[in-house]
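Colleague: Sequence lines, in order, name chains F and B. Residue numbers for the first sequence follow this note's numbering, beginning at 1 and rising by one. Residue numbers for the second sequence follow this note's numbering, beginning at 1001 and rising by one.
Simulated from the structure, these hints should not be mistaken for lab results. Among the hints, erroneous ones may be present.
[As the list claims (entries may be wrong)] Chain B regions said to be covered by chain F (calculated; three or more residues, Cβ under 8 Å):
1. 1016–1023
2. 1072–1084
3. 1138–1151
4. 1194–1204
Being a predicted model, the structure only gives us computed values, none of them experimental. Using N, Cα and C, we set each Cβ at its ideal position, and we do this for glycine too.
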Amino acid sequence: MLSKRIIPCLDVRDGKLTKGIKFKGNIDIGDPVEAARIYYEQGADEIVFYDITASADGRAIMLDVVRRVAETIFIPFSVGGGIRSVQDMRAVILAGAEKISVNSEAVKHPEIIDEGARAFGSQCVVLGMDVKRVTVRREVPSGYEIVIHGGRIYTGRDAVAWAREAESRGAGEICLNSIDADGTQEGYENELTRMISATVRIPVIASGGAGSPEHLFEVLTRGEADAALIASIVHYRTHTIGELKNYLHNRGVKVRRKW
Amino acid sequence: MIGIIDYKAGNLTSVARALHYLGQPCEVTDEAGVLDACDRLVFPGVGAAGEAMSNLRRLGLDRRLREWIAAGKPTLGICLGTQVIFEFSEENATDCLGIVPGSVRRFPGDLKDRQGRFLKIPHMGWNGVEFSRSHPVFAGLPADAEFYFVHSYYPAPAVVDYALGWTDYGLRFCAAIAHKNLVAVQFHPEKSGGPGLKILDNFCRWGGADAQ
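Just chain B, same shape as in the assembly (with noise of 0.2 Å):
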């Protein structure tokens, strides 16, 4: 059984949909019992980074996530689930989990593309990611896949190791970590067509080594 987080940031049924598709039993909870029970995680979510502490704070749900993951459950961010693994975020100025060091930052205002035309911010809709090494939860992707992304704030890890996968948007941002039991992506799978879903297909099937 996947278990689905949920800590009450936006709707999370897309994500179950998707593991439904694929055949995956999941169930969408806060109950860290059922959590606890479960042999891999997902940890979605769509909103601000402030509100998201505050809640998993109040559901006892942050201090159970560091273990479940230091235990070595499998466990996949997506997005604001991702963003909150890190250390700290520019959004609201919030404190986060501190499970993968670095932060989270805004795009600067000023953005611009290789043409000099400003940016849109969040930054919305498909672009690829360039993998730096092979990992078994990205395996079997087109060279050339693209992801669908809605975010203003981008993940800084601290440490260069934890980045996996980088995209291109006025600045170079990391838009996949990995490291030991964990991966996270900004991005996301669930909505982003045949090679999104492949990586939820081979996250169900890993058995939560990093390397190859």
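Just chain F, with the same shape it has in the complex (with noise of 0.2 Å):
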């Protein structure tokens, strides 16, 4: 049977890491292609890139980041953050990366999600979705609410019937991201995780809040996710990827442990 995948995941501004990941001996890494070499040689299942730059010089730097990365790990790796049209995956693609995700351009424009997955095939195709616990009203009858530019701008979508619509369009897989979670290190949105898993059937990501390796067991097993995304507790040195994993699989969980 499939593993459950361990993905860590790397914000990159104009070809750098935003924050640099700690490796032996406390070095600071802001490479964002060392630190996926990094990564894969910890065990990665998979490697997802956030660009945050905002400038065209910038994209043109991370797609030179995407085709050294391509060329030094052999695992399957995404790249998310304005992306706004076919061409804009198309480059991403053709520099070496096996999915793209779209967020806020597919919430303004769903189209894109139908686009990508005609010209490139759904298993291309990653939706990202930013999610916050809001009051239970008619439009958002989950109580999760779908927020775009990092949780400011709320859309008056539901969680639940984004990730249907999506999946409908041709999405391949979900990322889900809580917003409420991210950051605090605190354990990952289980409730959440487990509702669009039971929604949806394409493989779900669950992000946001990764704090000690029981978290990771628990949106896996009661969250049902498919995928774990981590961050903050692999780049500051807290755990590496195989110390995550060897806990999972003493728990019972199927990850894979050879490299």
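Mind docking these for me? Both chains are given alone in their own frames, and the hints should help you get the complex.
Modeller: Okay, structure coming up:
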């Protein structure tokens, strides 16, 4: 059977990591290609890059990063952030990424999901969803609302309905980020994750809140996530990916242990 | 030189990057003359069977590929490349190359795991492969190695002797095939970390004989 995936997430601005990762001897690494190589060697099942660059120059630098990552690691990786068209997607795929993640742009123009799936196949198109807990109301019956621009703008879309729509438009996977849990290191939003996972038949990657191995265990079992996105927990050397996988394996979660 | 057959099926550069990393000279090309001069072939691909077959026919590569394999050129099929070497694919009800007897079937929509939960399609992620016999291309792999899969259709060889590796995803399907100078896998060795690179490296050194 499939293993549950552990996916480190790297934020990149102008070709550099926004928060460096700590490595042996507490050396702070700012190069995304080097960070990807370290996580590849630690047993990451996939790597996610979020490009938070705003400028056109920065985007060209990102494509170069993608090319160098593709020559360095031999596992799938995805790139998100600033993808606004099928042309943007094509450039990233030709540079060597397996998957592209769309988020705010898909909320504004949902057709980008259909177009991406038609052009490259559903397996290439990941819908990134930023979600906040809200009071249940008619438009948001699940009590979870889609937000964009880092949580600053409420869209009036219900998270469950949006997941269903994205799947029917051809998204191949959902990366579900809880804005409430993000950065807290107090655990994933398990209830939300389980709700979305039960709604769609495409894989769900849980994101936001990982602070301990126990949190990963919870979201991969109770939350029914197919994969767990991690950041601080490995960037600050609290744990290596290998340690997280050993913990999950010992608690009966199937993970990949030979690489 | 290793020829990577370009039949406009997805992005074929990831296989070339992995071979470069292994120090193996290779070329991605659709030119029959160049492929003919290569001493081994990789037949990759991502996409749909119908379009893949029509591209192969249009480029005249369908007939040539049969000839090269019959002539003993070591050949490695990957993912869609593996699927179109069969006789028939349920994807777009496509008549394929017919190099391996059997067909390619869609995972049933009601596929369930042992606990009775619905399984997601495509089968995407890391899964194990149980090898039923040894083979030079699959030598030296860790016993519980896993490989990266992305597919909604699976190979079903009609002759069990062709099947070399099996994978469990709600049903047991054939994930690796070996027959004479042909090996073919449903997973992506170029995206399967160390064990995947080991398979590619083994293939580059393989003379093309099936038996150990």
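Colleague: Which of the listed hints are not met by the structure?
Modeller: 2
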